[in-house]
Structure formats: structure tokens, C-alpha cells
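With the sequences and hints as input, model every part of the structure.
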Amino acid sequence: MTKVDSKKPLVVVMKGDTPQECLINGLDKLGGISKFIKKDDVVFLKTTLRLPFGFPNNSNIDLVDKIILECKKAEVKKIFIGAYSSLDFSTKSIDLILGLSSYFENKGVEFVNLDERYELVSNDIKIDENEYSNEKIKDLRNQIPELILNVDKIILINQINIHPLFMCDLSLLNLYSILPPKFQKINYTHNFKEIVQNNQYIKDLVLKIIDLYSIVKPTLVINDIFYALEKAGPFIYKDSKLKKNNILIVGNDALATDIITLKSLGFDIEKNPLILECKKQAVNPNNFDDIKCYGEDLDELDLNLIPCYSNLDQIRAQNITIHSGEYCSGCYHKAYELLNFIKTLLPKDLKYLKECSLLIGLNPPEPMNKKNILLFGECAKIATQNYDFHKVSKIKGFRKKKEIQVQNKAIFKIDGCPPSLKDSFCKIYDYFGKKNLPELNLIYKLLDSLDISKYNK
Amino acid sequence: MINEKFLNNWLKILNYNNKINESLEIDEITEKITIPFTPIDVNALLIYNFFKYLYPEIINDQQNVLDIIISNDKEKILDTILYETKEPGVPISYEKLNTNIIKSRKFSTENLEESFFNVQKRVLKKKELRISHIRIFKEEFIEILNKYLKKSDDLSFHEFFISLLEIIDKSIREKLFFISPKPNLLSFLEDFLQFFNNFHLSTIFELLFRNISKDNYVIIFYSRAFSFIVKLNIKSTKKVKNCIKIFNPRDLEIEFDKLDKHEILKKVNMKFKNNLIYLIEQGQILRILNELFEFEFPIQKEKLNLFLQKLLFQFRSFQSNWYRHPPPKMYRAFYRFLIRLLGFNYNLKKISHWAIPELLYKSDLIFGMNSKIVLILYNLNPEKDPEKKNNVVILLETENNAVTNIYYPSIDTLEEKNTKISIKTIRNELSTEYGYINIVIKIDKFLIDLIIQNFIFKFTKFQLFSKLKTIRAIKNEKYLSMYPEMPIYKFIKKSNSLKIFKTILPILIDKHEF
Ligand code: SF4
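Chains as they are written, first to last, in this note's numbering: chain E, 243 to 699; chain X, 27 to 540.
You may find that some hints are simply not true.
As the list claims (entries may be wrong) - Derived contacts from chain X toward chain E, CB cut-off under 10 Å, selection only:
| no. | residue |
| --- | --- |
| 1 | Asn-454 |
| 2 | Ser-457 |
| 3 | Thr-458 |
| 4 | Gly-461 |
| 5 | Ile-463 |
| 6 | Ile-465 |
| 7 | Lys-520 |
| 8 | Ser-523 |
| 9 | Ile-526 |
To be clear, the hints were calculated from the coordinates, so they are not data collected in a lab.
On a predicted model such as this, the values are computed, not experimentally measured, just so you know.
Yeah, the Cβ is synthetic: ideal placement off N, Cα and C, and Gly gets one too.
Here's what the structure looks like:
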């Protein structure tokens, strides 16, 4: 066991044959679990729980089991586990599909249905006015489930995959999903031009993530890069590749662990918007040298993950042509998810779509084909109001034929700034119809049979 | 020493092969010879053609071969037999060589490649003949074979296949014979049996056999160079000799060269009335088999996807890669039109050969790229034969899109009445031992049989009611249950069978030709 007594944040980069082995050796280097967890502590395990699907959409449960075992060795009083999902799935519906509560119950751990607990306690939250003088932070604190604020320790088990906005899923991003999905969302109603020009979406998102980090600080952070999705992520998409790195990164500070993770995976931390903003706001550690890093030599790791497509065209969803103008990271993120989900879940429907033009952002180029025009987001809707494709010519008359201009009905608009994935699929379904989208039709039927709406209160 | 009857028959084959090669006119060949390892008698020309056209495709396409019989401890060379070929695959002579042609110290089954190279050099030096491959048999293999050959004449079709598959299974698992250079077929079988350790080839055959309808079939394996016709009457009580007959087109006095495939079917039909007659392109089957034999274990899903695409493409290629007389009703436009009126697009020529395998990717999404899935095959042996296991439990472990491990855990008896709670407990118990189990699926033999019958063997028949019956069985927890319940299972359980069929069919059948 390494004797660790340092003011600097500590991070261990551990190599091994299994994630569990890496974890035990990593904890050992940090001074053992007792450095973080005390007897009779109430612990919340914040995992990655993006979708009701398998690994690496979600955390590696075998690794979670190992942490549970370690906590039990430290004789904790109670262990909770949970997270909000990335999309609109409730924790309950994820639990129903994955059977997590009965699994963890068997291990003496409570899988928390955050939606219900949140509803129960949200009105009773008592805020220490002195502690949160800033109004914005006070609001944010009100949005966090009471349970999470009240536990003694939070352990963050973060499954790393590549991410279209932040290079990869950082632990700070994971922490952000202690907010209910409706509070995670960032939407705008006006000033779209300025939002695009300032790339406001990512700026606001980053600020919110950092604000949240100022309220909740996990005790122990595990960035699991033992396996990581590359090329397309963070969900399992058709183009995703699972890379085995045999590495786990464990640290006592989320930001420090993220900086080391980015470095280990070959990303330039100076280009990461979240790290840059942390630096600007002087969030500690402010500098790479302020972190004490043990284990593998970062310069020799050579793990370089293949990043996400930075250009929507590269996703190449059959029959969908992208006409992009100037857009911000909000639309890029949502269109990236939409196109990747279509490509993954609806390969057959894609063939039936015929040619479809997706217009996104300010001043997108006008499509030659006037059929099946999808206006994605408020910018595309407003910027294309005077485009020619809104009118098509039609021959009228029986004996005397006359060409007239009529409204083009082959246009469908997806509202929102940025649009939501759910709305996008609904609009596509309504426009093309279930006969042309047998796979999407089945997916809707599956969702109906799950009574998702019942749980998504 | 190999069974005498077998040896005599074998020598007869070589003699004919030689004569056909040298002097004999095809029309002069009338004698019936037994196909080696089977009790089936056929015209000698047919066996010659099997050697000429199939052996090079499946085993080795070069000249001359040496058989080596070794002791069970692999220490002694007991026999060496040289077969000369005049064309690849067709042996024409049988010559016992002195066993000291092989130097024991330079021969080992552990290092087959090098041993083959040494033997090849020695034979070249002593006999001035270059052999292309060696086949090595342990003494035990000959003993097992002899035992089987003794009774093979009296076996029923079912017993015959089971015995033959058991011999293959045992010989491969226990390494009773070797071929060098190793053909893909052998590598595939070795890997397959090693990977599916608890599975036996005979079990797979049993599963298929009990579900195939016991009709009379005639299958024409067609190729321009060499076609043959197999007549099958697979009532399991009959002796093999009576239920499998193999013919040359010439035996039936049909000249395939001058006829198109529809005419061939008609002519063959005139000879064998009341039979279902299939014509299958030999080249297509060989291509598919060769692709299958090239699989490496663990099988990558991407390769499996491609293979399934090709396989399904064969199914949809009716009247180009396969034919049937009488043609299945489902391929008649009017019949299809009527079914369309009922709201079903069941056009088998448009089976979605590319979209169905894509479902494999979706399984990654649901179970994840690394997963553990437990399958409980329930009630496999309802008669409760104490010799055989009633339930089989399989744990499939996948890593990065490939099944990497298969375990056969044992579980305490499953409670039939309280299945749901029971499989939930099984999941927790097995997770303690093997790590997180994504799902436990319990499927009854009755349902497996229904799926094979109604969706595989009867795929050319619309038979709405039998298909709905299968869906109803899927909805019945007695036959299928799982924990946690997958969305698709929940959907099937909650919806009516017709709605399920109508929702899923458009994914399995294409709307347009692409
Ligand atoms: S509509 Fe899209 S591109 Fe325009 S401001 Fe909103 S998110 Fe950005």
C-alpha cells in the first residue's frame, strides 16, 4: 500500500487483466478504501446509466459489484445506487428492462428510483441560505434529489466512451446526470443567431456542469476506460467500436481524474471546453502539474481513441443528405444522436425513406431535390423561410394546361432549439408513416408495451 | 485390420475408378457399389464422380494420398497405404508400403505439418510419387468403424445418421484421425466441437430430424458437370438401404444436358410420383459450405451477419438457385394476392436477406457488447429418461461482438409452477459465480420444435394458424419466460398474435426489390 498524504489531488492509472483487478490495485495505491469511506457511512454509487440497454451504454456491473464489496469491507451503513438516464427514460423503466433493483437487492444495495424519491422530497428541501448565496447555484441545488445531497459519500463509477461534445464522457458530465433529465436540458426560445455565433449552447452547458460540481463533489472517482467505445459513441451505435485498453483510472478528485483520463486517451486537454472553462474559473486543480499521478506512465500509454465524427456528413445515413449552414453545438449534438440512432435502429426504414434532405443551422444550402425536406431546429426553420423549395410548380387545367406555384407539402419541421430526439422521431414517423417505417413502428410498439409514459411522470 | 467387406468394396471402387479413367465407356458401367461408410448402393460411376467433383472441393484438390494407421499410443506406425490418383480426388490404386518408409522419430501427430513434409519427401524418394496429403487413423478409429460397419446394413435412416455423427464426433473430440494439410472442414468441426463442448452433432441432427416432415423427398443436386439425384423416404423405421437411393440422371434415362431446370423437374417428377422434388444448384451449396468451414471461433458477429445474408439470399432465390416441383403455393402471384388482401405481405422472394441479420446488431444494443446470457432449454427429454438430462443450461459470454465462452452451469431444479421467481433466483445465484448475468431465458422444447417446424421447415407455407399458434406459445410462460423481461417479449405478451405478426412481418419481408 502506498502511503499517500498529499494536498494535491491523487490519480492512479492502473493496468490489469480485469477491471476489478485494476480497481483493487488502484485503491491500494491510493491508500485503500478506508481512506475514502468510513464505518457507518451512507454511500451513494453514481453509475453510468444512460439507456435501458447493456454495457458499455451503462457501467460495467461487475466493476460496480467490486466497489460494493469494498464498501462492505469498510462496514458502511447503507449503499444506494442510481442515476438518471441520458434520454427520456425514467429510472423505473430502466430498472424494469434491466432488472437492476432485484439484482442489487440481492447484494444488500438499494437501487434508487430517483424519479419517485425526487418527487417525494422536492418540496421539503431546506436550503442553508448562507451556504448558497448565488441564486443560480441555489436553484441548481434545489433540482438535485435530496437523497444525493444527504448521503455521506458519493462514489462515481463512470463508463468512458467517446462523446461528440467533450471528446469522451468525463466524470463531471456523469455527475451532471444527478439532475433529473428535464433540468439537464438547455433550450432557447429566441436570439438564435447570437446563440450560433457565440456557440452559446456548449458554453451554458459547461457552466451548468461546473456549477453543479461546486455543489456536489464525489469522494472517489473511477473512470472506467478498460473497455471504451470509439468512432461513434457514447451509446452503442452501428459504427461504434469497442476498444479494450486494460486500464482503469481512479482518483480522489473528479476534475483531476478527468484531466488524466483525457491525457491517457490521447486527447488535447487544451481543446476540451469543460477543462478550459474550469481553468478559466480557477477550479482546482488548475494545472496538470497540480495532480499527483501514480501507476502507468502516461507518455507510454498510446491508447488514442478514435474520436466521434466531427462532421455530420461523415455519419452517412443512407438516403439522408445533410445541408448544413452555420450551427451551434446544440444542433450538432442532437443531429449527431438522431442520425446515429436512425442508422443503428432503422437500417431498413432508411432504405424506404427515399431521398431526404436534412437542413440544419443558419443559411443552409438549398437542396436540389424538393422532396422530403427536413428542417432541423429553429435556425433552419427561420433561415429558410424564403427559400425556393417552399413552392413547387404544378400543372393545372384539363384542356388549357397552366403551370402554377403551390405550397410544397413535402417539408417537415422539427421544432426546438435544439430539437429533442423524441420530437425528431415523432415528426419523422408522422411524416413518412408507419408503412414506410416498419422498424420505427415496432420500436414505438415496444415502448408502448413498456408503459414508459406511465413511469415518465 | 479394417472390416473385410468394407475393404473389398473399397478395392472395387479403386478398380472402377481406374477403369473409368483408362478404358471403360460410361455406358458399360452398371455394377452397384456401396458408398464407403454407408450401406447405400449406387452405380460405380456415381462414386467416381463424387471423388472427382466433391473430394477436391471439400478435402484436397491435389494428387495422390497416403493413409497411415498408427497405434493408440501414437508410438508405432502400423500400416501405410498409398493411393495413386490420376486426377485430383480420384484414387485408382491401393499399395501397402513398408511401414519403415516413415521414420518414427520424424513423425508425430503433434507436429503434423512437419511430419507431412518428411513423409512426402520419403515417398517421393522411394516411390517417385509426390503425395498431396496424408490421412492418419488411430487403431481405435478403425475399431470403432468396424463395429459400426458390422451393423450398418440393418440400421434405420435415423440410427444410421446418429451412429455416423457419433463416430465423427468422438473421432474429432478424441483426436482419432488427422489430415494434413488440414482441410477447412476438419478445422471447422474441431473448433465447433471444442467450442460447443457439451453439444453433440447427433443432438443437432435429432433436433432437426424430429421436426422435418416425414414426406418423400427427391433432391436433384444439379451442376453442369455432374448432377445426382437423392430419393429420401425418411420414415425412421425403415432401413437406410430402403429409404435413401441415389441415382445418376442416366439411371433414370434423363439427359440433363439437353433440358432446362423446369424440364428436368418435370421429367424427374414423372419417374417419382407423389414426391416433393427439389433442384438445388450444387455450386451454391458448396460455396455456402466453404464459407461456413472458413469460420473461426469465436465467431465474429460481422462475419456471421455476412454469412446469414448469403444464406438468406439463397432462400429468396427461388427459381434461380433452387427449384421445386410442385412449386410452393406461396410463389404463385394469385395466392400471394389473396394473402395480400388479408393484409399480409408474405412474398418469400423478397425475404429481407440484409435486414434480418442486422437484428444481430440490435442484440448488441439490448444486451450490450459484453454480456452474459443464460439459456435454459427446458423439458428436452419429457419422457424423463434418467440417462439423458431433462434441462440443459447454457451460459453464453460475449465480448466485443463475439461469443467468447460457453459454460454449462448446473442449477437446482426449476420450479415449473413458479417459473418467474425461480429464474430470478437463478439469475442472482449464477451472477455470484459468473459475474453479472444480463438475462435468463427459459425455453421449452415444445416451443423450439414449433419454431423450427413453422418458421424454418415450413417457411414456404403461409399457414397463418400454425404461425399464430407458435406466437401464442411464445406468449405462454409455460413455454417461454425470461428475467428481466425484454421489451420485445413484453410486447408479444401484451399484444394479440395477429397484431404481432403484422408488425414484425414488414421487417422480415421487403416492400420493394432493391
Ligand atoms: S436551432 Fe440549433 S443551431 Fe440554432 S441556435 Fe438553436 S441549437 Fe443552435
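- Does the nearest C-beta of chain E fall within a distance shorter than 10 Å of the C-beta of Ile-526(X)? Constraint on Ile-526(X) satisfied, holds at 9 Å.
- Task: Report holds or violated for the interface hint on Ile-463(X), using the least CB-CB distance to chain E and a cut-off of 10 Å.
- Result: 9 Å, holds
- Message: Can you verify the interface hint for Thr-458(X): is its Cβ closer than 10 Å to any Cβ in chain E?
- Response: With a minimum Cβ separation of about 8 Å from chain E (threshold 10 Å), the hint on Thr-458(X) holds.
- Task: Let me know if the C-beta of Ser-457(X) comes in closer than 10 Å to any C-beta of chain E, holds or violated.
- Result: Hint holds; Ser-457(X) Cβ to chain E Cβ min 7 Å, cut 10 Å.
- Once the shortest beta carbon distance from Ser-523(X) to chain E is found, is it less than 10 Å? 14 Å, violated
- Minimum beta-carbon distance criterion (10 Å), Lys-520(X) to chain E: Holds, because the Cβ-Cβ distance from Lys-520(X) to chain E comes to roughly 5 Å (cut-off 10 Å).
- Item | Status of the Ile-465(X) interface restraint (C-beta, 10 Å, chain E) | 8 Å, holds
- Message: Just to be careful: measuring from the Cβ of Gly-461(X) to every Cβ in chain E, is the smallest value less than 10 Å?
- Response: Since chain E brings a Cβ to about 5 Å from Gly-461(X), closer than 10 Å, the hint holds.
- Message: A closest beta-carbon separation below 10 Å is what the hint needs, so does Asn-454(X) meet it against chain E?
- Response: 4 Å, holds
The structure fails hint 8 only (numbered hints given earlier).
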